[in-house]
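S.K.: Take a look at the letters that make up each chain.
Number of protein chains: 2
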Amino acid sequence: MTDTPPPAGIPINPLTALFEPRSVAVIGASQNLHSIGGRPIRYMRDAGFAGIIYPVSPRYDEVAGYPCYASLAEIPGPVDLAIIAVAAKRAPEVLEACIAKGVPTVVVYSSGFAETGPEGAAAQARLAAQAKAGGVRLVGPNSMGCMNLHNGFLATFSTVFERDHVAGPLALVTQSGAYGSYILAQGRELGLGLGLLASTGNEADLELGELIGFAAGNRETRAVLAYVEGLRDGEAFLASAQKALEAACPLLAVKVGRSESGARAALSHTGSLAGTDAAYQAVFRQMGVVAAPTVDAMLDTARLVQSGFLPAGRRIGLLTMSGGGGVLMADDCESYGLEVPELPAAVQVRMKEVIPFAGVSNPVDFTAQVLNEPERYGEFLDLMLEHGDFDAFIVFFAHMIGYAHEFGITMAEKTVSAARQSGKPFVMVALTAGSAAGEILDAAGIPTFQDPSRAVAAVAALAHYAERRPKLLTRFEETAALDRSPIAPEPVATEFESKAFLARHGLAITREAAAGSADEATARAAEIGFPVALKVLSAEIQHKTEIGGIKLGLADVEAVRAAYDAIEAATGVSDVLVQEMASGLELILGLKRDPVFGPMVLCGLGGIHAEVMRDVALRHAPVDHATAAEMLQDLAGYALLEGSRGAEPCDIQAVIETIVRLSHLGTRAAWIEELDVNPLMVGPRGGGCLVADALIVRERTPDVSDPGSAENL
Amino acid sequence: MTDTPPPAGIPINPLTALFEPRSVAVIGASQNLHSIGGRPIRYMRDAGFAGIIYPVSPRYDEVAGYPCYASLAEIPGPVDLAIIAVAAKRAPEVLEACIAKGVPTVVVYSSGFAETGPEGAAAQARLAAQAKAGGVRLVGPNSMGCMNLHNGFLATFSTVFERDHVAGPLALVTQSGAYGSYILAQGRELGLGLGLLASTGNEADLELGELIGFAAGNRETRAVLAYVEGLRDGEAFLASAQKALEAACPLLAVKVGRSESGARAALSHTGSLAGTDAAYQAVFRQMGVVAAPTVDAMLDTARLVQSGFLPAGRRIGLLTMSGGGGVLMADDCESYGLEVPELPAAVQVRMKEVIPFAGVSNPVDFTAQVLNEPERYGEFLDLMLEHGDFDAFIVFFAHMIGYAHEFGITMAEKTVSAARQSGKPFVMVALTAGSAAGEILDAAGIPTFQDPSRAVAAVAALAHYAERRPKLLTRFEETAALDRSPIAPEPVATEFESKAFLARHGLAITREAAAGSADEATARAAEIGFPVALKVLSAEIQHKTEIGGIKLGLADVEAVRAAYDAIEAATGVSDVLVQEMASGLELILGLKRDPVFGPMVLCGLGGIHAEVMRDVALRHAPVDHATAAEMLQDLAGYALLEGSRGAEPCDIQAVIETIVRLSHLGTRAAWIEELDVNPLMVGPRGGGCLVADALIVRERTPDVSDPGSAENL
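In order, the protein sequences belong to chains A and B.
First residue of the first sequence: 2, per the working numbering; consecutive thereafter.
First residue of the second sequence: 2, per the working numbering; consecutive thereafter.
No wet-lab data here; the hints were simulated from the structure.
The C-beta atom is built at its ideal place from N, Cα and C for all residues, glycine as well.
One thing to keep in mind: the hints can contain errors.
Derived SDA-like pairs (lysine to any residue); straight-line CA-CA distance at most 20 Å [claimed, not checked]:
(1) A:K545 / B:T572
(2) A:K353 / B:T117
(3) B:K552 / B:L696
(4) A:K90 / B:P357
(5) A:K545 / B:A648
(6) A:K472 / A:G338
(7) A:K353 / B:R265
(8) B:K545 / B:H506
(9) B:K353 / A:G121
(10) A:K353 / B:G121
(11) B:K353 / A:G113
(12) B:K353 / A:E120
(13) A:K353 / B:E120
(14) A:K415 / A:P375
(15) B:K90 / A:F358
(16) B:K425 / B:A445
(17) A:K102 / A:P15
(18) B:K353 / A:R265
(19) B:K102 / B:A123
(20) B:K244 / B:F285
(21) B:K545 / B:A560
(22) B:K353 / A:G118
(23) B:K353 / A:A122
(24) A:K552 / A:M582
(25) B:K415 / B:L372
(26) A:K90 / A:G121
These stretches of chain B come out as covered by chain A in the derived footprint (C-beta under 8 Å, 3 or more residues) [claimed, not checked]:
(27) 252-263
(28) 320-330
(29) 416-424
(30) 452-458
Looking at chain A on its own, in the form it has when it is part of the complex (with noise of 0.2 Å):
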């Protein structure tokens, strides 16, 4: 929650300056009202700014009524956040005066810096860390503004606010200023309320993550709609995502630069970091964000948070005038992840005795017949209400609750009534535009939509919400209990190095041991127990199948002595790891460094599974044991391991357990570049999982004295 601003004279914190600031200083101001410089002057002054306005130009005397100041010196007060609306060249100058006056926040909104290519990126470089040893916070440059619906601090030059937006529960965190424009004008359309608007710009200072976890505090917000193109800071999306989901405010959130060509225009758009489109799903799923496929799909959701819509679960009861609607409506639950669950029987018995044509199972299709018996609707829905076990209702009335006017009222104030007694949250489908029964619903705040699909992924993308919550909260839990201590590098070039360093962090592996000769060899494999396997042992080698550096089933003395010659002949070297036979179901396990968000965790099955199926499910580490359950889940062959075609199940405790040490060895040891376990060698149940074969690739040092030396790690 941000408090109420400081009374003037106190400092205020640099992020409540951003929202609540008690003056604002515009640096460009302008006497032209429709330009840049102009118009958040007029808006504030037009929106009734609570806080002081100070125009800055050497120019004028006075911009829209208020006395305009030659410089930020000579502004008598304290000001808590200033715009800068000046040419790139002449923003450190602006930027250097702020700091002399003590500004603890800048909004920029000058372009020419990193978008238009590396000298304007060298300039952002430098403002940023100017304003950095200044102690200034920096939104922008090349930032559309900030706002504040709520107290009229309309500090953007967004053309949206030509016409009047109304505020509301909602807040917009963009990356892109047009097209957050767009979706404020969208959503006014839809009679969105968005009060809280931050454009990032170019991000040299505050970006994306941090202003999404401000407005999630904020205390008129109750979901953060977000405009993702890509992230530069990772963590700090992660907390503000936290944070959000603790406090209950849904974060919402398209994120676009999927495609090839879609992240070739988001790089020359953004120039952001181009972290792969799979982690940002995997931790949006991971932080309970509202992923949306669409910006539409985000605003219908939207649209439910603000009305109030909170489902408990994904119990929906469907009820309706079209058996076609009800159809088509059950399908798109099931298509969501919805449950449509039956009546009781003795329900439906009753339903049937009132209305003879009516569907009773759910969805319940009470016809066309209300329109001569419109009590039957209020019956019916009493009757599933009672007898239900519902967490939600979705209503469709096609367009007669708006065609007919009595009866749409009736139709309204039943559900109305319904609704509030219930205290369930309900949503109508229906064409209700400029009728009564479309103010009925409005103003108690029912949602109505159009289209079907639409309204019931909105609901899905809530329940869903509600159902996961509780459950990441509790996963958060374990996560961070862990121990997170850093550890140090250690010496992982070849597979028996690698094996054993996972070993010691308490992964299972096959018994082996390293062997120069033929006769160490088999002492070594009678010593394990045959059969075994012979491999090559070489930091040099990585790819030992292909080069005939592996030999496996070596039954007795004699065949790993063959075995051992055979691998010298082909490799030229003799060094081999003699190692025990695991069998198994063959999985891969893996960690990969995410340029944005780190340390990241995947499994799949072997074989093809994963190379050719790309049947695999990734996380960002550390992972709890649920998520580390969900993964293996979420592979299309996990019947698998449950024992599918008559085999036994697999021991998938063990490999839960395997995945969730695994990841938190990725959060640990940053010098792991990439790890791969391939295979993962899974028992029966109870038997154990071990680990056949792993690879670590270090960390390149690109400072180090050997240029080649990081290919050999």
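Position chain B against the provided structure of chain A, taking the given hints into account.
M.R.: For chain B alone, kept in the frame of chain A given last:
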């Protein structure tokens, strides 16, 4: 094409009568013009129906200003179409009167038939038989009626016509009356011209498939929208879909009843057949049906067709005022399978000279700079038209052309002239409601969407349609030339017989022979060549592996003898099949008989892929070679056929030929209920493929004397 109705007195085609009757009798007419028996008369009167309206009721002398007849017989002239709006129990006598009067076509509004249960279903069956015997075509019962807005023929009681609708080139054929009305209402809000309507009701006679074909053949129709709950006559649908495709009249369909609860509701709603959703999706794809995931999506696509938007292919030029909007549209294009090709480098350089900050590769981001220099939009657009190779353009203007009056007019006019001169289809994404720019675009027939993702989805639907249409027409030619003569049932109780049958019909099978003793088995093995497989041979045993009935890789006479003994001991059967050992990649092929569409052919990768991962492709049989190739490409594991992980590429051509021949069998041998080839062993390129095991299940014949015999087949 429907011709103009013949002059009065000359008999009319019953289907022509459905949309273009010269005279309409409304039996059960009412002076209450808001009742089911009054509304169609009022609607037709108010819409200026050109034909003669005959209200029929013994209770009135006139209805809505028209003379009312006590009975059908009293009507002086011929009646092309009769609306039956009486209670269900009176419907048979009224139908009899229609037959006596020589009415070619009736539309039955009456409810209380199959939708109410077994008794109603029996009454409906009698009504259908009566109509058939009398030579009358019948729509309904429980139909909401038909309409043709082009001639004021509003033979429906849908309340949506309480508001004006505009005639247009779209036809709607719906299996739900109420949901059909809603689609009409939604379409009206979107400015769609839905000119033709048929509500199929319970489909006692005329059903969806046939009506789609007739609607597609109407001279006014440019697209048919279909709301599908379940087909009764798959063949009629296939024929109509082909007719629509040949006429370049897109058939847009929403199919509901996909989910468990949806199918449950559909069954109770219409009592239609429960063909599998996978079969519908396969048929839609093969017939070029534009399957829409939601009604909104269907209406969006219809809006494009109505505007004459017809891209020649999938190459999309994107222009945007917002970098973010460009990224979003590029993403959507790729996810919907559209191409966003880059502009030539020289053009990019020229654009950069004009606006240094512009995005120039495609999407082309002309930036907010056009607010200062509006002519830049035209320059960029002309460059794209001249030097790019695009099939269609999507232009994102955010809210600006709606908010900024003069600017909006300039941009809209330039877009209209570019579209006209180039002949290329354009779609705008913008908020234009109530603006001058919006009017200019609407008048020029350039469709505008608010949400970019919806615009891209609709463009993609038509682009794929346009690209697939000529290919599908070619495919029809290949399958049209097929020999479709029936193949008489043959004995196929065992694997041996099944494979012999397949071999006779052109499929390559393993070399093999039956043997009744160990000596015979070794002799056959020697002829075939080692190694061989031995399999128990019995019509009683279908799952051979589970009971120890299969021994593989028998390398010599001793092994065969031992295997024979083991199989005989395990199964008690002394007949075995001696078969060559085939090697290669394992596929499965199959035939299934869908209750709606009849023969379906499927393929998948063997082993766990088909069974556990459900990675199979399905099509209606027969298929041509291109479709068979497409089936293989649909498989997630297709890369295995192409030779992934260093393996040799498989003989894909041989598999395609095998699928084609199998599909022909499905068409010709109607007695095959199900056929499994598992596995098909596929050799390296040029090495062919072999059916290594097959099982054929013959159609169950319930009227056969021995009730158990079908199970034994």
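S.K.: Take the hints in turn and mark each one as holding or not.
M.R.: Hints, verified against the model:
Proximity of A:K545 to B:T572 is assessed by CA-CA distance (about 45 Å); at most 20 Å being required, the pair is judged violated. With a CA separation close to 11 Å, the supplied pair A:K353 and B:T117 stays within the 20 Å bound. For the hint linking B:K552 to B:L696, the alpha-carbon distance of about 18 Å falls within 20 Å, and the restraint holds. A distance of roughly 17 Å separates the Cα atoms of A:K90 and B:P357; the hinted pair therefore holds under the 20 Å criterion.
Proximity of A:K545 to B:A648 is assessed by CA-CA distance (about 17 Å); at most 20 Å being required, the pair is judged to hold. For the hint pairing A:K472 with A:G338, the CA-to-CA distance comes to about 17 Å; that is within 20 Å, so the pair holds. For the hint pairing A:K353 with B:R265, the CA-to-CA distance comes to about 16 Å; that is within 20 Å, so the pair holds. Between B:K545 and B:H506 the CA atoms are separated by roughly 25 Å; this puts the pair beyond 20 Å, and the hint is violated.
With a C-alpha separation of about 16 Å, the suggested pairing of B:K353 with A:G121 holds against the 20 Å cut-off. Of the pairs offered as hints, the one joining A:K353 and B:G121 holds, with about 16 Å between alpha carbons and a cut-off of 20 Å not exceeded. Between the alpha carbons of B:K353 and A:G113 the distance comes to roughly 15 Å, so the proposed pair stays at or under 20 Å and holds. Between the alpha carbons of B:K353 and A:E120 the distance comes to roughly 16 Å, so the proposed pair stays at or under 20 Å and holds.
For the given pair, A:K353 sits about 16 Å from B:E120 by alpha-carbon distance, which is consistent with the 20 Å threshold. Straight-line distance between C-alpha atoms of A:K415 and A:P375 comes to about 10 Å, which keeps the hinted pair within the 20 Å bound. Of the pairs offered as hints, the one joining B:K90 and A:F358 holds, with about 16 Å between alpha carbons and a cut-off of 20 Å not exceeded. For the suggested pair B:K425 and B:A445, the alpha carbons sit about 13 Å apart, so the restraint of at most 20 Å is met.
Proximity of A:K102 to A:P15 is assessed by CA-CA distance (about 14 Å); at most 20 Å being required, the pair is judged to hold. Distance check on the hinted pair: B:K353 and A:R265 sit about 16 Å apart at the alpha-carbon level, within 20 Å; holds. Restraint check for B:K102 and B:A123: not satisfied, since their Cα atoms lie roughly 25 Å apart, outside the 20 Å limit. Between B:K244 and B:F285 the alpha-carbon distance is near 14 Å, which keeps this suggested pair within the 20 Å criterion.
Proposed proximity of B:K545 and B:A560 is supported: the alpha carbons are some 19 Å apart, at most 20 Å. About 12 Å separates the Cα atoms of B:K353 and A:G118, which keeps this hinted pair within 20 Å; it holds. Of the pairs offered as hints, the one joining B:K353 and A:A122 holds, with about 18 Å between alpha carbons and a cut-off of 20 Å not exceeded. Between A:K552 and A:M582, the direct Cα distance comes to roughly 11 Å. Compliance with the 20 Å bound is thereby established for this hinted pair.
With a C-alpha separation of about 14 Å, the suggested pair B:K415 and B:L372 falls inside the 20 Å cut-off, and the hint holds. With a C-alpha separation of about 10 Å, the suggested pairing of A:K90 with A:G121 holds against the 20 Å cut-off. Check on the stretch 252-263 of chain B: 8 of its residues sit with their Cβ under 8 Å from a Cβ of chain A, so the three-residue criterion for coverage holds. Here the stretch 320-330 of chain B counts 8 residues with a CB under 8 Å from a CB of chain A, which clears the bar of 3, and the coverage holds.
As drawn, the stretch 416-424 of chain B meets chain A at 0 residues by the rule of a beta-carbon pair under 8 Å; below three, the given contact is violated. Proximity of the stretch 452-458 of chain B to chain A, defined as three or more residues with a beta carbon under 8 Å from a beta carbon of that chain, is established by the 4 residues found.
Hints 1, 8, 19, 29 from the earlier list are contradicted by this structure; the remaining hints agree with it.
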